[in-house]
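Each chain, written out:
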Amino acid sequence: MLVKQRISSVGIHAVLIAYSVLALFPLALIVLNSFKTRKAIFRDPTGLPLGESFSAKGYDSVLSNSDFPLYFGNSLTVTVVSLVLILLLGAMASHALSEYRFPGDTFLGLYLVLGIMVPIRLGTVALLELIVSMGLANTLTALILVYTAQGLPIAIFIFTEFLRSVSKEIKDSARIDGLSEYRIFFEVVIPLVRPVIATVAVFSMIPIWNDLWFPLILSPGEESRTVTLGVQQFIGQYTVNWGAVLASLSVAILPVLVMYVIFSKQLIRGITAGAVKG
Amino acid sequence: MANTGSVSSEQTHRRPVRWYILVFLAPATLIYTIFAIYPIIESLRLSLYEAGDGGGVFVGLANYARLFGEPLWADQFWNAFKNNIVLFLMHMLIQNPIALALAALLSVPTLKGAATYRTIFFLPTLLSVVVVGFIWQLILSPLWGVSPAFMNWLGIGSFFKPWLGLESSALITVTLISIWQYVGIPLMLFYAALLNVPEETIEAARIDGLNGWWIFWKVKLPLILPTLGLVGILTYIGNFTASFDLIYTLQGGLAGPDYSTDVMGTFLFRTFFGFQAQLGDVYMGATVASALFFIILIGVGLYLFGVQRRLQRYDS
Amino acid sequence: MTTRVFKAGLLATTLCVSGIAAADKVVISIESWRAEDQALWDELILPVFEAQNPNIDVQFKPTTATEYNAALNARLAGGTAGDIITCRPFDNALAMYDAGNLANIAELEGLSNFSDVAKAAWSTDNGDAKFCVPMASVIHGFMYNKDAFAELNLEVPKTEAEFYAVLDAIKDDGTYIPMAMGTKDQWEAATMGYTNVGPAYWGGEDGRLGLISGDAKMTDDGFVEGFRQMAKWTPYLGNGFQAQGYTDSQNLFTLGRAAIYPTGSWEITGFQQNADFELGAFAPPSKDADSSCYISDHTDIGIGMNASTENKDEVMTFLAWTTSAEFAELLTNAAPGFFSLSSHDINVENALANEFVAMRGQCEATIRVAHQILSRGELPLGNQLWTLAANVINGTQTPEDAAAEAQANLDGWYKP
Chain A
1 MLVKQRISSV GIHAVLIAYS VLALFPLALI VLNSFKTRKA IFRDPTGLPL GESFSAKGYD
61 SVLSNSDFPL YFGNSLTVTV VSLVLILLLG AMASHALSEY RFPGDTFLGL YLVLGIMVPI
121 RLGTVALLEL IVSMGLANTL TALILVYTAQ GLPIAIFIFT EFLRSVSKEI KDSARIDGLS
181 EYRIFFEVVI PLVRPVIATV AVFSMIPIWN DLWFPLILSP GEESRTVTLG VQQFIGQYTV
241 NWGAVLASLS VAILPVLVMY VIFSKQLIRG ITAGAVKG
Chain B
1 MANTGSVSSE QTHRRPVRWY ILVFLAPATL IYTIFAIYPI IESLRLSLYE AGDGGGVFVG
61 LANYARLFGE PLWADQFWNA FKNNIVLFLM HMLIQNPIAL ALAALLSVPT LKGAATYRTI
121 FFLPTLLSVV VVGFIWQLIL SPLWGVSPAF MNWLGIGSFF KPWLGLESSA LITVTLISIW
181 QYVGIPLMLF YAALLNVPEE TIEAARIDGL NGWWIFWKVK LPLILPTLGL VGILTYIGNF
241 TASFDLIYTL QGGLAGPDYS TDVMGTFLFR TFFGFQAQLG DVYMGATVAS ALFFIILIGV
301 GLYLFGVQRR LQRYDS
Chain C
1 MTTRVFKAGL LATTLCVSGI AAADKVVISI ESWRAEDQAL WDELILPVFE AQNPNIDVQF
61 KPTTATEYNA ALNARLAGGT AGDIITCRPF DNALAMYDAG NLANIAELEG LSNFSDVAKA
121 AWSTDNGDAK FCVPMASVIH GFMYNKDAFA ELNLEVPKTE AEFYAVLDAI KDDGTYIPMA
181 MGTKDQWEAA TMGYTNVGPA YWGGEDGRLG LISGDAKMTD DGFVEGFRQM AKWTPYLGNG
241 FQAQGYTDSQ NLFTLGRAAI YPTGSWEITG FQQNADFELG AFAPPSKDAD SSCYISDHTD
301 IGIGMNASTE NKDEVMTFLA WTTSAEFAEL LTNAAPGFFS LSSHDINVEN ALANEFVAMR
361 GQCEATIRVA HQILSRGELP LGNQLWTLAA NVINGTQTPE DAAAEAQANL DGWYKP
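Chains as they are written, first to last, in this note's numbering: chain A, 1 to 278; chain B, 1 to 316; chain C, 1 to 416.
If you are wondering where the hints come from, they were derived from the structure by calculation, not from laboratory data. Mixed in with the good hints there might be a few duds.
Have a look at the derived ranges for each label pair, beta carbon to beta carbon [as the list claims (entries may be wrong)]:
1) B:Val86 with A:Phe107: 33 to 39 Å
2) B:Thr33 with C:Ala99: 28 to 34 Å
3) C:Ala408 with A:Leu24: 45 to 51 Å
4) A:Tyr182 with B:Gly55: 46 to 52 Å
Derived DSS-like pairs: lysine-lysine, alpha-carbon spacing no greater than 27 Å straight-line [as the list claims (entries may be wrong)]:
5) C:Lys232 with C:Lys217
6) B:Lys161 with C:Lys171
7) B:Lys112 with B:Lys220
8) A:Lys57 with A:Lys39
9) C:Lys119 with C:Lys287
10) A:Lys39 with C:Lys146
11) C:Lys232 with B:Lys161
12) B:Lys161 with B:Lys82
13) A:Lys57 with C:Lys61
14) C:Lys171 with C:Lys287
15) C:Lys158 with C:Lys415
16) A:Lys168 with B:Lys161
17) C:Lys158 with A:Lys39
18) C:Lys312 with C:Lys25
19) A:Lys39 with B:Lys161
20) C:Lys217 with C:Lys415
21) C:Lys158 with C:Lys171
22) C:Lys119 with C:Lys61
23) C:Lys232 with C:Lys312
24) C:Lys61 with C:Lys25
25) C:Lys287 with C:Lys146
Since this is a predicted model, take the numbers as computed values, not measurements. Glycine residues also receive a C-beta, built at the ideal position from the N, C-alpha and C atoms.
Sequences are here, hints too, so could you generate the full structure?
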């Protein structure tokens, strides 16, 4: 029995490691080659950047030519603030939708998830006019508002699905204890939805962080430029200088990694918290 | 308000205005209405107009007649639609089973290093399409030589083909790249669902003499069916809305070769915003967008009224 | 009321970064798709203008070429586009003028420094309104690796027969890939292939204007022959050319692995920085020794005024400067390969650029065949040629079939 278990455990690790290689190899290739000379990149793409083939020239041009810390700060601000708004406002709305019966509740529920079905990108022109009339062009606020609106439907969809499956008993007993509806939301419902917060966060975060379109249209200004836009512009300047292109790609990967490490613990804690509760 | 102290019998029958419902719903509804619904409706409305002097002229459903009637438009539309369906089926048949299998392995309680694996598997999902597109173009490039060299090493070098450039294989290759990138999302959803399966249920099954494999099939899988449904519908929606970026990055606005990778997203973008010599046509663009909207609506409707109900019945 | 309070609260809680405006200078910005040229404008061109006009601060703000049209149109519609707009030629810029996005600058005096042919790319069909100052043209042709040609004892080809003889020789030798071109991005097939060598067969301007007037058809032998040439190129391309993109081709050539690169003068700067062999250029081959050669001397870039700019005077000052000999000289020598369209006598310093200029004396000139008028409908012929030319090289469509499809499309919407 024990032997059998050991074998199956080795088997599991073999599969997982194989997939890890598949997931990591392309990334490693980019980082590896970003430290090489142009000739070496093409002659021996899988070779290590040693001796003659080593060159950090790409990083030189990337780091001296652009304002990456500023872009990173912008991306972080936009992503975190939007995420907080999506999670909080989404949870509030879903709670109301799943908990209370009121006239038009079904309609409102459908209305709020309608946005999943059409990319907001279609409304670009009207959106831009709106943002300009509010005096928000070239601000991070514009991006935050759009991303929040864009992220809400899916958040509400997932939260509502989940909250409907949660039993009402806990909330009702809280009500008997005399808690106000607001306290029930913050003290009972929020802890309840923790397992899906991770899911919603993941779904909302990636498209925001990686979006190229709205930064390009709503806030292309230097002061409010995001990392993704910065990298994209940067690639455009070096069509043939692949050392610089690969370096800027590597630099673009780094902040996402940092971001994920920051969130990862929270996310997993959310997931496992649910497991313990269940 | 003045007679709070003496509540009349009539008022006790009528419920007090429940302001908290408004407080919970208003912020989300407002932001969403102003910054999502209003702009989208502004755009979709244009599908009933066509360009005229100094603005749009109302033409009713003429644009839809053009979209489905004129071969120039209809051919592009159905080609893109067909490609989207292929894309969706491949994600369902390849991406989601891989995600489920990896999630099942990760959720084995005795597994060491699960957190590390999880981070690694999720890494590609975090990357921008700009990065993903560039990486895979390099790897698959017949010139750069990573994949040809690798295949030579395996002794199957003669099977190498410029996959992204051939009509027969471009769409499949793009789809596999998309799966490589996005497998992390269903993986996370399945993983969270599997962790939420109550320990007692599994314990009971084990006492009944079921081994790990059967526990997964007979106990865990039925319990996470709602998540399977959720992943299915999210895959469906994402395949119509999110596939645009990757294809645009990898294959360009004309979705070559010979439109073999054209999907609704690229077709829509080309029509709406224009591409090179093609000028943007907001009216036809809005028409394509509306058609896309209805396609997704039908899918989501089927899910909500068909699949989800059955799942819930099964669940309870 | 609740809305406003809520919004105010939201604004207060989020970071609001507003643009920092320079207090005393008027800032005007240029929209462009030439992201590659950022350094050149920032360091060489704009400082000269700003030194003469200390009250104006000009900023070059490019968007990558693939997003330029879409992003610019959205910004124009929303009123946030830059003051100065870099114009693509013909139908594209005309549509922007018709939509009221580009101002009529016909009264700009300096426009007299440009030939009518140059101005035609940015005028209404009747010539009354002019909306962009012609900036530069690019000349199509071939670049080649001089070292490789010397090594294999090859002469620069002049006729079609010589051209294929050279390609055969390179192919037989095997050291170099004869021609660096791929079909993945499709546009090279049309731009560097079909409209590069094709004019020799359809007689340059005769054929192009014939299509517009309706006297010629895409199914005429000259236009079909252009496609046949594309089919003939296939065996000389590198292995896996179907998945070879534009940057792949650039790298293939500049790393010295391919001998010939069908292209245009816009590559000069990048190639001279990256290639460590000597570069040469030759014109598209003529049909035979008795016929003349044809080049696409394509009016490629113009510069105009956003009709809704708030800084009209400053923009006009800048546009006036772009008509000057000083600007022409700066541009031509800062960006060798982009040739000023002005009639000022400019001394081209770059030797390779001069090889392209010399083609103007030897060959008849035309422009890219589908750019004027023929790209005004659905599908635009310009886009359709991308797909068709790539298909023909890939061998998935016959030349005759491609030509017939193009003509069928034109018949669908174009009335001569």
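Each hint tested on the structure:
Distance hint check: the CB atoms of Val86 (chain B) and Phe107 (chain A) are about 35 Å apart, consistent with the given range 33 to 39 Å. About 29 Å separates the C-beta atoms of Thr33 (chain B) and Ala99 (chain C), a value consistent with the hinted range of 28 to 34 Å. For Ala408 (chain C) and Leu24 (chain A), the Cβ-Cβ distance of about 50 Å falls inside the hinted range of 45 to 51 Å, so the restraint holds. For the hinted restraint 46 to 52 Å between Tyr182 (chain A) and Gly55 (chain B), the CB-CB distance of approximately 48 Å keeps it satisfied.
A hinted pair counts as satisfied when its Cα atoms are at most 27 Å apart, and Lys232 (chain C) with Lys217 (chain C) qualifies at roughly 22 Å. Restraint check for Lys161 (chain B) and Lys171 (chain C): the C-alpha separation of about 21 Å stays at or below 27 Å, so the hint holds. Between Lys112 (chain B) and Lys220 (chain B) the alpha-carbon distance is near 21 Å, which keeps this suggested pair within the 27 Å criterion. Among the hinted pairs, Lys57 (chain A) with Lys39 (chain A) is consistent with the structure: their alpha-carbon atoms are about 13 Å apart, no more than 27 Å.
For the proposed pair Lys119 (chain C) and Lys287 (chain C), the alpha carbon gap of about 30 Å is over 27 Å, so the pair is violated. With a CA separation close to 20 Å, the supplied pair Lys39 (chain A) and Lys146 (chain C) stays within the 27 Å bound. For a cut-off of 27 Å, the pair hint linking Lys232 (chain C) to Lys161 (chain B) stands: about 21 Å separates their Cα positions. In summary, the hint linking Lys161 (chain B) to Lys82 (chain B) is supported, as the alpha carbons are separated by about 24 Å, within the 27 Å threshold.
Only pairs whose Cα atoms come within 27 Å are accepted, and Lys57 (chain A) paired with Lys61 (chain C) is accepted, the gap being roughly 25 Å. At roughly 22 Å between alpha-carbon atoms, Lys171 (chain C) and Lys287 (chain C) fall within 27 Å of each other, so this suggested pair holds. A distance of roughly 37 Å separates the Cα atoms of Lys158 (chain C) and Lys415 (chain C); the hinted pair therefore is violated under the 27 Å criterion. Of the pairs offered as hints, the one joining Lys168 (chain A) and Lys161 (chain B) is violated, with about 58 Å between alpha carbons and a cut-off of 27 Å exceeded.
Restraint check for Lys158 (chain C) and Lys39 (chain A): the C-alpha separation of about 33 Å exceeds 27 Å, so the hint is violated. Under the criterion of a C-alpha separation no larger than 27 Å, the hint pairing Lys312 (chain C) with Lys25 (chain C) is consistent with the structure, at around 15 Å. Taking the CA atoms of Lys39 (chain A) and Lys161 (chain B), the gap is about 24 Å. The hint holds against a cut of 27 Å. About 12 Å separates the Cα atoms of Lys217 (chain C) and Lys415 (chain C), which keeps this hinted pair within 27 Å; it holds.
Of the pairs offered as hints, the one joining Lys158 (chain C) and Lys171 (chain C) holds, with about 19 Å between alpha carbons and a cut-off of 27 Å not exceeded. Between Lys119 (chain C) and Lys61 (chain C) the CA atoms are separated by roughly 25 Å; this keeps the pair inside 27 Å, and the hint holds. Among the hinted pairs, Lys232 (chain C) with Lys312 (chain C) is inconsistent with the structure: their alpha-carbon atoms are about 52 Å apart, more than 27 Å. About 18 Å separates the Cα atoms of Lys61 (chain C) and Lys25 (chain C), which keeps this hinted pair within 27 Å; it holds.
A threshold of 27 Å between alpha carbons decides the hint, and for Lys287 (chain C) with Lys146 (chain C) the separation of about 24 Å falls inside it, so the pair holds.
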